[in-house]
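Novice: With the hints in hand, could you dock these two chains into one complex?
These protein sequence lines are chains A and B, in that order. For what it's worth, the working numbering labels the leading residue of the first sequence as 1, then goes sequentially. For what it's worth, the working numbering labels the leading residue of the second sequence as 115, then goes sequentially.
What the hints contain is simulated information worked out from the structure, not anything from laboratory work. Please read these numbers as outputs of a predicted model, since none were measured by experiment.
Stretches of chain A that chain B covers, calculated by requiring three or more beta carbons in the stretch to come under 8 Å of a beta carbon on chain B:
id : region
1  : 43-54
2  : 97-109
List time: in silico EDC-like cross-link candidates among lysine to aspartate or glutamate, alpha-carbon distance up to 20 Å:
id : chain 1 : residue 1 : chain 2 : residue 2
3  : A       : Lys36     : B       : Glu117
4  : B       : Lys156    : A       : Glu24
5  : B       : Lys116    : A       : Glu58
6  : A       : Lys40     : B       : Asp197
7  : A       : Lys40     : B       : Glu159
8  : A       : Lys40     : B       : Glu117
9  : B       : Lys156    : A       : Asp85
10 : A       : Lys41     : B       : Glu159
11 : A       : Lys38     : B       : Glu119
12 : B       : Lys156    : A       : Glu44
13 : B       : Lys217    : A       : Glu58
14 : A       : Lys36     : B       : Glu159
15 : A       : Lys40     : B       : Glu119
16 : A       : Lys9      : B       : Glu159
Even glycine gets a Cβ: it sits at the ideal position worked out from N, Cα and C.
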Amino acid sequence: DTEVTQTPKHLVMGMTNKKSLKCEQHMGHRAMYWYKQKAKKPPELMFVYSYEKLSINESVPSRFSPECPNSSLLNLHLHALQPEDSALYLCASSQGTGVYSPLHFGNGTRLTVT
Amino acid sequence: QKEVEQNSGPLSVPEGAIASLNCTYSDRGSQSFFWYRQYSGKSPELIMFIYSNGDKEDGRFTAQLNKASQYVSLLIRDSQPSDSATYLCAVKVGGNTPLVFGKGTRLSVIA
Numbered sequence: 001d002t003e004v005t006q007t008p009k010h011l012v013m014g015m016t017n018k019k020s021l022k023c024e025q026h027m028g029h030r031a032m033y034w035y036k037q038k039a040k041k042p043p044e045l046m047f048v049y050s051y052e053k054l055s056i057n058e059s060v061p062s063r064f065s066p067e068c069p070n071s072s073l074l075n076l077h078l079h080a081l082q083p084e085d086s087a088l089y090l091c092a093s094s095q096g097t098g099v100y101s102p103l104h105f106g107n108g109t110r111l112t113v114t
Numbered sequence: 115q116k117e118v119e120q121n122s123g124p125l126s127v128p129e130g131a132i133a134s135l136n137c138t139y140s141d142r143g144s145q146s147f148f149w150y151r152q153y154s155g156k157s158p159e160l161i162m163f164i165y166s167n168g169d170k171e172d173g174r175f176t177a178q179l180n181k182a183s184q185y186v187s188l189l190i191r192d193s194q195p196s197d198s199a200t201y202l203c204a205v206k207v208g209g210n211t212p213l214v215f216g217k218g219t220r221l222s223v224i225a
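For reference, chain B alone in the conformation it holds in the complex (with noise of 0.2 Å):
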């Protein structure tokens, strides 16, 4: 069974700080990587994916992937209070397969 893993949180971090969300998944095999931001009572929003191993910079979010370790992760610097939230990361196996969520990691970001 495909398996997505992420701490629930809640991850507090102050104002300013980098805050690092990890995320493991069970499947050697994935191919696809993507973090969803949502906020409470919205819908997911899609802020980054990743495909290949290494680092992917848009703005204040870095996206890393490490495929011989089975992780990803998330790192937001100058950590907003706007971005608390809850950050969902989802991996695909392949074409034509559903994307497996993980349960999301609770964000709060202290001002």
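Just chain A, with the same shape it has in the complex (with noise of 0.2 Å):
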């Protein structure tokens, strides 16, 4: 069982909705990862929360906004998406954003836009 839990597992949505998707981590970890994933390609990277602060935000466009309430969470607000986001959105946290800081992934969240 993965120690970062992800809700909810599946979300499909419309392009005018607006939603959520959740992340908690309970191993005192302090970076938080949220990374986008296409079927048959690797993860890609979104957003980097080290010590509660956003350190890396790698040109996502503006329709998704993270936020992250405390160590433990990570938020990602989703709004005015298109049909092309469709994608495993996939949580990860590791110790720190040191070079020996392994990252561990949340199951994901399934993500279909219609």
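Specialist: In structure tokens:
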């Protein structure tokens, strides 16, 4: 069982909807990540939070808005998405952002935009 | 541009054989190396990491790192059908830099 919990597991939303993805970890990790993964492709980094501050934003469109309320929680707010945004959204955490901190992934949220 | 290369496969091996998965990387300054297993429709699962040249063993898995040749490999001994998955190689160049993933190698273990 993964120690990074993501909800919901599946989400179907229309292009005018607003929804949020949630991620929680209780490993005491100080870095949290959002990745997007399309079929048969590797995960693609979207955002990195380190000590609750946004440290990396990989030029993600503004219709994706991350939020880190505290060191254990990470949200991804979604608004006015496009069908091409349909993908598996992965949350991950690591002890820090240093070289020797492996990432641990949650089970993901399968998002379908109609 | 930092690159991590893997053969996409599929790599087919018979049950009980050794599966050998290879990965090369372009940045000579890379410092840490990770192997993730990903079953179809599931999330990546960390199975091995290695930081120093040489071999690192964990159960049926052995990671091998050769920094001079810029490659890292994963050996799976006594392969089982349950090992059938995509294996992602990931490399980190330095602190506060993103993990760079290869495109993954699909392994199929035939019973």
